[in-house]
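Student: Here is what each chain is made of, one letter per residue.
Number of protein chains: 2
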Amino acid sequence: MGGADTHARPEEKVFPVSDKIKGPQGVIKVPYRILMGPGPSNAHPRILAAQTLPLLGHLHPPFLALMDEIKAGLQYAFQTESKYTLLISGTGHAGMELCLANMLEPGQKVIIGNNGIWGERCADMAKRYEANVIELKCPPGQSFTFEEVKKAVEEHKPALLFLCQGESSTGVQQSLAGMGELCHQNGALLLVDTVCSLGAVPFFGDAWGVDICYSGSQKALSASPGTTPFFMSQKAHDRLTSRKTGVHSYNYDLNLLGKYWGWYEGRFYHHTGIVSLWYGMREALAIVYETGLETMWKRHRELYDQLWEGLRDLGLEPFAENPADQLPSVNTIKVPEGIDWLGLNNYVMGKYNLEIAGGLGPSAGKVWRIGIMGFNATAANIALVIAAFKDGLQSQGFHGAKKTAS
Amino acid sequence: MGGADTHARPEEKVFPVSDKIKGPQGVIKVPYRILMGPGPSNAHPRILAAQTLPLLGHLHPPFLALMDEIKAGLQYAFQTESKYTLLISGTGHAGMELCLANMLEPGQKVIIGNNGIWGERCADMAKRYEANVIELKCPPGQSFTFEEVKKAVEEHKPALLFLCQGESSTGVQQSLAGMGELCHQNGALLLVDTVCSLGAVPFFGDAWGVDICYSGSQKALSASPGTTPFFMSQKAHDRLTSRKTGVHSYNYDLNLLGKYWGWYEGRFYHHTGIVSLWYGMREALAIVYETGLETMWKRHRELYDQLWEGLRDLGLEPFAENPADQLPSVNTIKVPEGIDWLGLNNYVMGKYNLEIAGGLGPSAGKVWRIGIMGFNATAANIALVIAAFKDGLQSQGFHGAKKTAS
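Heads up: the protein sequence lines correspond to chains H and S, in order. Quick note on UniProt numbering: the first sequence kicks off at 1 and runs consecutively. Quick note on UniProt numbering: the second sequence kicks off at 1 and runs consecutively.
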């Protein structure tokens, strides 16, 4: 080798490097925030620590062993024994699109429970995949009754039913009671979004007859954003393998992704696993397993009670009026008449480094949102949130209708 | 609130949590490896350290400021002043699909330079997006001449031309000389894959007339896998906004993604930014800017010379025979007759914790691959690789044809 001329690419012009654009300099600075909005919530320190571990190759044996650990942890978290379990390299939005991309073929019917932003986005995505989209709607702040869903499924006989267990834009929990059986009696598969609910409230993937499901890394599982827990049932796998048309997206194609995750013999290089975040998710799932799901559910429910006791005491009311609709992990609080919601958010951020979030989609401008999620689900954080609301409201001259004074 | 009954979801059956599936337990253990394959390469410790920083909300002002820093760092790395620059939440495979998803409409012609696995995968993806795919082929280990490409572009007048600057499966660098001008004279846009090349060899996005381009985080930029540098030209943006059909994928839709990254007024919640990895990429880009591109290119080229001086001395030869085709960041080395390549890989992994990779796609079983990338591009690592090859070959009884003995 030797001389520089051997590296030359014929005629490729090399210019002086332009310094017109200045890149970042110095070491990154990130302020500390207590993230009590709908997510990301603060990651568990053990998870963040795992993200500094040295990288491994995406097909190295120790990395494949780690993938098996992740798969087992996801099966526990989802309460499923399905081998068709994996971690998606992408956020919840990618999880939603992946499920639709694999389960729907052009022209097939899908019923989408749309009572907030996730139903809206799901309908948008399903239309892009040329499905025949039937939107089932109910007022924001409410969930669908079994009867409403039953009527729609029996009438339309869809290939797929989408329900969001935790609609974070309105703080609504959707009961899944009877939905799996209903779908299977009518030739449909049941797709459930558990992004904001998994680990915070009961979920039984197999026993409830859920066919395909994605969740979130940065909610009650307390990991960083960027990966998405996933499983599907044997029924859903059968649907996948009997498709008449190919899956439109390469990256979301479960036929290939499953070959990376060891669903079949051998391992296929589908993409490069997101090494650092998979380390983090392995830790997140170990924490879930070590803690136990029942303990997690109980803790979230108790803190939800504590939060609302404090908030009601301040004269605040839930946006989701029916207690049976309320999602413990994302709580929506009506902004009282005359209060500047954004002013309050900015006030508590400035004084306490505390994130209280505003609304989203149908709840924008109408509510605050408080997350109770995983590592952040502590009595200390709930006490802080209540104190911050009290201070923030008083700073705007609001003293509420104290129950004790009535 | 209060009583537990208010939380009940009608008829939703709660079971005892099954312990049939055991999740992971205890703290994660990851062995240390010196990753001298085609990537992931070892991440810079400063980047791994940034991945432990506390999370921020994906639309918080300090996070938006960080996104602006990342954008500026990417503009420097790509040598572009285009505002249409962002970091994709996904790996290089997602970057490839995103570019095709936005630039191609069903039936449009695309010429794909296919001389290795990336051309192959690009052709697969373009077919999924219903493009009219014309594959331009040349033998593995070679790059396309300008004349070959010119003939194809003038004959087919495609909407898009795909070239891979660094074909990592064969260790081949594609000269981009004249390609931008050629495309623009023929109504085509130029799409370039720089996953394995950016930061290691010269690249001038604007001056070379590149229209749309993605790169890799975990090669010469030394960050973790999971994010993908991206930019496109004004011409490419015009193509996007004049599409007759919608973009098929929600997650890859640049119309929406650009609204998150501040290409236009306001910020849109398209997905949740991959906070920890974006911190890491901010550090990676700061390191690139602080080091300077010219210094990086020079270092990679010098180490490439050192590597090959040592390898030739051992009697080893490059797979890419023409020096003008050789990619300094991924080096392909012919496996000599009678040598067990996998045995050598396992031997050096066992003894030195050192990754030497095998081939991929058209080079599988025929070559070893050695990466010279970013943080790993040091004289110490090159010396180790040469010593490990010498030891590994000798352990199989191979003593080569020493130049000094001829």
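Derived by calculation from the structure, the hints in this document are not laboratory data. Treat the hints loosely; a few may be bogus.
Given that identical chains are not distinguished, each listed pair holds provided it fits within a single copy or across any two copies.
As the list claims (entries may be wrong) - List of simulated lysine to any residue pairs, SDA-like, C-alpha gap at most 20 angstroms:
#1 Lys-390 - Glu-309
#2 Lys-366 - Leu-59
#3 Lys-127 - Gly-246
#4 Lys-20 - Ala-72
#5 Lys-137 - Gly-246
#6 Lys-137 - Lys-244
#7 Lys-351 - Phe-398
#8 Lys-157 - Ala-379
#9 Lys-83 - Trp-297
Student: I'd like to know which numbered hints this structure contradicts. Please list them from smallest to largest.
Tutor: When the structure is compared with the hints, numbers 5, 6, 8, 9 turn out to be violated.
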